[in-house]
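Undergrad: So the chains spell out like this:
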Amino acid sequence: MAIDLSPNMLQLEERLEEWLAAALSTRRTVGKLVERLSCYSEEQQQPLLHWLPILSRINPELAFQATQQMIPFLATLDPPSLSLWISAVIDRYDQLGLQAALLRLREGPMRQKQQEQTLLLDEMIAMLQAFVTALGGRSLFVASSEQAGGYTNTATLFLPASLAHLPSQAGNRTLYQSMAAHLWGLARFGTFFPQLPERLQQYADPEQAGRLYMILEGSRVDAKIAPLLPGLARFMASLQKKRALSSLWQEAISQLTQPEASAQLTLSLLPTLLEQPLPEALPYHGLPLWQPAMTTLLKRIAEEKRRFRQLLGETRDSRTPVEMPVVAGHSFLFSSAEEGMRFNMSLEGQPLRPPDELQLLLRSIVQDLGQMPPEYLSPAGSAGYRSDAVSAQETTTNRYDFAPPEDGSLFAYDEWDYQRNSYRKEWCLLSERPIPPGEEKIVQETLHKYQGVWQGIRRRFEMLRGEDQWQRRQLFGDEIDMDALLHAWSDFQAGQEMDERLFRHRHRRQRNVATLLLVDMSGSTKGWVNQAIRESLVLFSHALHHLQDRFALYGFSSMTRKQCHLYCIKSFTQQQLATLEPAIAGVQAMDYTRMGVFIRHASTLLNQQEAKTRLLITLSDGKPEDYDSFLGGYRGQYAIEDTRTALLEARRSGIHPFCITIDREARAYLPRLYGPARYVLLEDVRQLPLRIADIYRKLTSR
Amino acid sequence: MSSDLSPLESYRIINEPYYEAVANECELFSAAFANRLPILLKGPTGCGKTRFVERMAWQLGRPLLTVSCHEDMTTSDLVGRFLVIGGETVWRDGPLTMAVRHGAICYLDEIVEARKDTTVVIHPLADDRRLLPIEKLGTVLRAPPEFALVISYNPGYQSVLKELKQSTRQRFVALEFDYPKTGLEKTIIQKESGVSFGMASALVQFAQLTRNLKGNGLEEGASTRLLVHAGRLIQSGRTPSEACTAAITHALTDDADLIAAITALQESVLGTADGD
Ligand SMILES: Nc1ncnc2c1ncn2[C@@H]1O[C@H](COP(=O)(O)OP(=O)(O)OP(=O)(O)O)[C@@H](O)[C@H]1O
Ligand SMILES: [Mg+2]
Numbered sequence: 109m110a111i112d113l114s115p116n117m118l119q120l121e122e123r124l125e126e127w128l129a130a131a132l133s134t135r136r137t138v139g140k141l142v143e144r145l146s147c148y149s150e151e152q153q154q155p156l157l158h159w160l161p162i163l164s165r166i167n168p169e170l171a172f173q174a175t176q177q178m179i180p181f182l183a184t185l186d187p188p189s190l191s192l193w194i195s196a197v198i199d200r201y202d203q204l205g206l207q208a209a210l211l212r213l214r215e216g217p218m219r220q221k222q223q224e225q226t227l228l229l230d231e232m233i234a235m236l237q238a239f240v241t242a243l244g245g246r247s248l249f250v251a252s253s254e255q256a257g258g259y260t261n262t263a264t265l266f267l268p269a270s271l272a273h274l275p276s277q278a279g280n281r282t283l284y285q286s287m288a289a290h291l292w293g294l295a296r297f298g299t300f301f302p303q304l305p306e307r308l309q310q311y312a313d314p315e316q317a318g319r320l321y322m323i324l325e326g327s328r329v330d331a332k333i334a335p336l337l338p339g340l341a342r343f344m345a346s347l348q349k350k351r352a353l354s355s356l357w358q359e360a361i362s363q364l365t366q367p368e369a370s371a372q373l374t375l376s377l378l379p380t381l382l383e384q385p386l387p388e389a390l391p392y393h394g395l396p397l398w399q400p401a402m403t404t405l406l407k408r409i410a411e412e413k414r415r416f417r418q419l420l421g422e423t424r425d426s427r428t429p430v431e432m433p434v435v436a437g438h439s440f441l442f443s444s445a446e447e448g449m450r451f452n453m454s455l456e457g458q459p460l461r462p463p464d465e466l467q468l469l470l471r472s473i474v475q476d477l478g479q480m481p482p483e484y485l486s487p488a489g490s491a492g493y494r495s496d497a498v499s500a501q502e503t504t505t506n507r508y509d510f511a512p513p514e515d516g517s518l519f520a521y522d523e524w525d526y527q528r529n530s531y532r533k534e535w536c537l538l539s540e541r542p543i544p545p546g547e548e549k550i551v552q553e554t555l556h557k558y559q560g561v562w563q564g565i566r567r568r569f570e571m572l573r574g575e576d577q578w579q580r581r582q583l584f585g586d587e588i589d590m591d592a593l594l595h596a597w598s599d600f601q602a603g604q605e606m607d608e609r610l611f612r613h614r615h616r617r618q619r620n621v622a623t624l625l626l627v628d629m630s631g632s633t634k635g636w637v638n639q640a641i642r643e644s645l646v647l648f649s650h651a652l653h654h655l656q657d658r659f660a661l662y663g664f665s666s667m668t669r670k671q672c673h674l675y676c677i678k679s680f681t682q683q684q685l686a687t688l689e690p691a692i693a694g695v696q697a698m699d700y701t702r703m704g705v706f707i708r709h710a711s712t713l714l715n716q717q718e719a720k721t722r723l724l725i726t727l728s729d730g731k732p733e734d735y736d737s738f739l740g741g742y743r744g745q746y747a748i749e750d751t752r753t754a755l756l757e758a759r760r761s762g763i764h765p766f767c768i769t770i771d772r773e774a775r776a777y778l779p780r781l782y783g784p785a786r787y788v789l790l791e792d793v794r795q796l797p798l799r800i801a802d803i804y805r806k807l808t809s810r
Numbered sequence: 138m139s140s141d142l143s144p145l146e147s148y149r150i151i152n153e154p155y156y157e158a159v160a161n162e163c164e165l166f167s168a169a170f171a172n173r174l175p176i177l178l179k180g181p182t183g184c185g186k187t188r189f190v191e192r193m194a195w196q197l198g199r200p201l202l203t204v205s206c207h208e209d210m211t212t213s214d215l216v217g218r219f220l221v222i223g224g225e226t227v228w229r230d231g232p233l234t235m236a237v238r239h240g241a242i243c244y245l246d247e248i249v250e251a252r253k254d255t256t257v258v259i260h261p262l263a264d265d266r267r268l269l270p271i272e273k274l275g276t277v278l279r280a281p282p283e284f285a286l287v288i289s290y291n292p293g294y295q296s297v298l299k300e301l302k303q304s305t306r307q308r309f310v311a312l313e314f315d316y317p318k319t320g321l322e323k324t325i326i327q328k329e330s331g332v333s334f335g336m337a338s339a340l341v342q343f344a345q346l347t348r349n350l351k352g353n354g355l356e357e358g359a360s361t362r363l364l365v366h367a368g369r370l371i372q373s374g375r376t377p378s379e380a381c382t383a384a385i386t387h388a389l390t391d392d393a394d395l396i397a398a399i400t401a402l403q404e405s406v407l408g409t410a411d412g413d
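Residue numbers (our numbering), protein chains in the order written: chain A, 109 to 810; chain B, 138 to 413.
If you are wondering where the hints come from, they were derived from the structure by calculation, not from laboratory data. Just to be clear, a hint being listed does not mean it is correct.
[As the list claims (entries may be wrong)] Facing chain A, a subset of chain B residues (Cβ under 7 Å, in silico):
# : residue
1 : 154
2 : 349
3 : 352
4 : 404
5 : 405
6 : 408
[What the hints assert, rightly or not] Derived contacts from chain B toward chain A, CB cut-off under 8 Å, selection only:
# : residue
7 : 161
8 : 218
9 : 397
If you're wondering where the values come from, they're calculated on a predicted model, not measured in any experiment. Cβ coordinates follow ideal geometry from the N, Cα and C atoms, glycine included.
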């Protein structure tokens, strides 16, 4: 559309561009906004032009969205009301962050006076996240629903932004808990399984069948939850009692609440009830939606199958280094053992302790599929992901040239050869380069996905900022340290030297920590490990930014000793959070893991920082390994010893190394590898984003 | 009390402490004791480590001296010091020296809380020399066979400022503890607090949910100890809800969101105060 760009409009465009720069992209320009604004008089534009620079200093994204939302109100709403609205949005941002502020923004200026009993998810979300985490099972996240009610996709529980169904706030609080527990139960007790869509397709009206299925499943799952949460079950029962049911429905539900009832039973009940009118929905059941779960489920199943077979392969290889028939087929046997969902495993009749990651996968797979399909039991070849890694490398060669980068620099590092018991001099060539930016918009997505987690993290990090403490046995101070004085006196009487540190001093602890987070970008991280790493980077960087601690983020990947690439995601000097998104989105699975050289360079970078505590956190998914052909190559004992030595060097230079490992299968060599550092093994990649900020908090608090 | 016989008489454990063996820890402890090997107990707080040591001290017939380590503890607090009494300086043995002199079990609880320059004194005691140098007296004590050194520590990723040095930990026979298995824990709660088995089961069920929060905001979930505490409050007539709030929820954290979540869990398992 051609618009007449008067001088005024041109100026407006310039100003908008300046204020909103950080939130713009090729697809998102100010053109549309200017066009819409041109319908309003200069006077009407005033309130917007007043708020924009303020908002853009707070958060460019917020400023952009606020502009969009405010425009329609410029003609109809008086400036004070507009200001009231935007002030409320800013308040919300300060208290609860961007997501909450955006929600408030979308609610608009004329939010009717709320009913007394209304409860906002915002006020509850951190608490509900912890509640759901405590229920156990696969990690689930709580986020606000964009639909008209609650539902789950088996990875996230989407809850309504507010609840006012019951007459009291306390009642609605319990209603939120019940809904969270119920949706958790749907994901936990087998409501969603791969064949569900085709089973529902058999009916003339699959939509209706799906709704019916979900309502029946609701009752079955409630019965499963009841023994675990008897208190909550009583509350749910009080709501169930209010629901009028035909005798046919009563009969069906009494069958479904038997302990052995399964989703199959629910399916078998569909034909009899299809013609019947649906009963009233229970307020804590949410929407009868099964479709959102299917995409997530199918993706997870494929990923888990691949990972499971790969792990089986590795388990087999590590057991029998000698020849093993490739068609090991059914030689792995699994049986479910007593407590909880633990599994026993045997290979060729020999009992084996399944590695923990396998154990978790088994649990997750059985949760999705109800059993262990036979084709899962043929292990993948020992090359496992390696074929993946090579193909990943092929596809990325176009983007990443292996020549020294123009905009980076080259460094040579020694490498430890344990057989020679000496360093190979200047053996590795490391190039430091900016990470090629990615396009995906992962920040908002991640912060929304982990909305509940994130709010909890923010609050806990707030408590970390500066706390007062007494320091004892000081040379100077506010007060005499009586204890120290007594000791000194008795030492003195005994003819010994008297300690001079006799004071105590009240002191505000300044956080003086510099942290470098080094993340694995090797081929083996392809898929959900990479995803979890990116999400963790988002949460980690936002959390540390909030705490105002100094930090840098680097990713690494190698392809022989001459091509060790260290990608700078965020350097210590870079302060802007807004520009991080493309860098984090650029983190992807590439080649191999020559750990040693990267630890050495990261140590150099860290030691250039003035800080009392220097923390090096590495995040990787298993064994150090590189693709090179010199005798033995960078793998096995050689790689382990070099990595270990690099960690030792870091430690000696005063750095605290801490290693987070996602590969649980490798227990045997880990104590040796990480001997000089400390480490944690994560049971489940999906927990990484949840745990990373907490790990950091624990590492740096007293 | 005839203090002439042994100054440690009052540290002797007379009655058999109630302890439910979780695995083979009693046998391992006895074997280590017989071989004069020092022992490291690893495990979360309140899972029964102290109770276990008491039980073993009773079984082996040795007095037990327990020291809770803290940041300001000095070597003198362990080994001993000169005191000024009526203008004269008198040497007073610390608990470690007492235990070595009289062949007792010395239990250093939460060893990582002590500073590293303090804990080095146990090194010569914890290897096969079994010696305790007392610098201020200019003497060295050799530990008798009945002496045993036991230390405890809670792993889990702690602050980088607190960790157990390799050179310390590699001297010890390590026994790993965790909360007792579900069935056993219910029995323990029932016996220790006197609540019904049903109530003990509900408490354990609640505790297990809080344990899923470990590392997700909570440093530890509710320990066996906290359940015993809650049970005892219930036995004295407090409602389960009151008892859990006071003995468990607020003992676990100060974080408002987590308190709300744990309260919700508690109500979800045990019901609300007004009985629904
Ligand atoms: N196996 C057990 N048998 C009997 N009682 C037990 C057992 N385990 C735990 N308890 C109960 O739990 C309480 C707490 O245990 P204890 O004080 O030994 O913990 P701890 O591991 O020493 O904790 P901390 O590390 O905080 O010192 C005991 O007082 C006892 O009531
Ligand atoms: Mg104890």
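Undergrad: State for each hint whether it applies.
TA: Now the hints, each set against the structure:
1. 154: Hint violated; residue 154 of chain B Cβ to chain A Cβ min 28 Å, cut 7 Å.
2. 349: holds (5 Å)
3. 352: At 6 Å from the nearest chain A Cβ, residue 352 of chain B passes the 7 Å test, so the hint holds.
4. 404: holds (5 Å)
5. 405: Check passed: Cβ of residue 405 of chain B comes within 4 Å of chain A, closer than 7 Å.
6. 408: holds (4 Å)
7. 161: Interface hint status for residue 161 of chain B: violated (17 Å vs cutoff 8 Å).
8. 218: holds (6 Å)
9. 397: The hint holds - residue 397 of chain B has a Cβ within 8 Å of chain A, the shortest such distance being about 4 Å.
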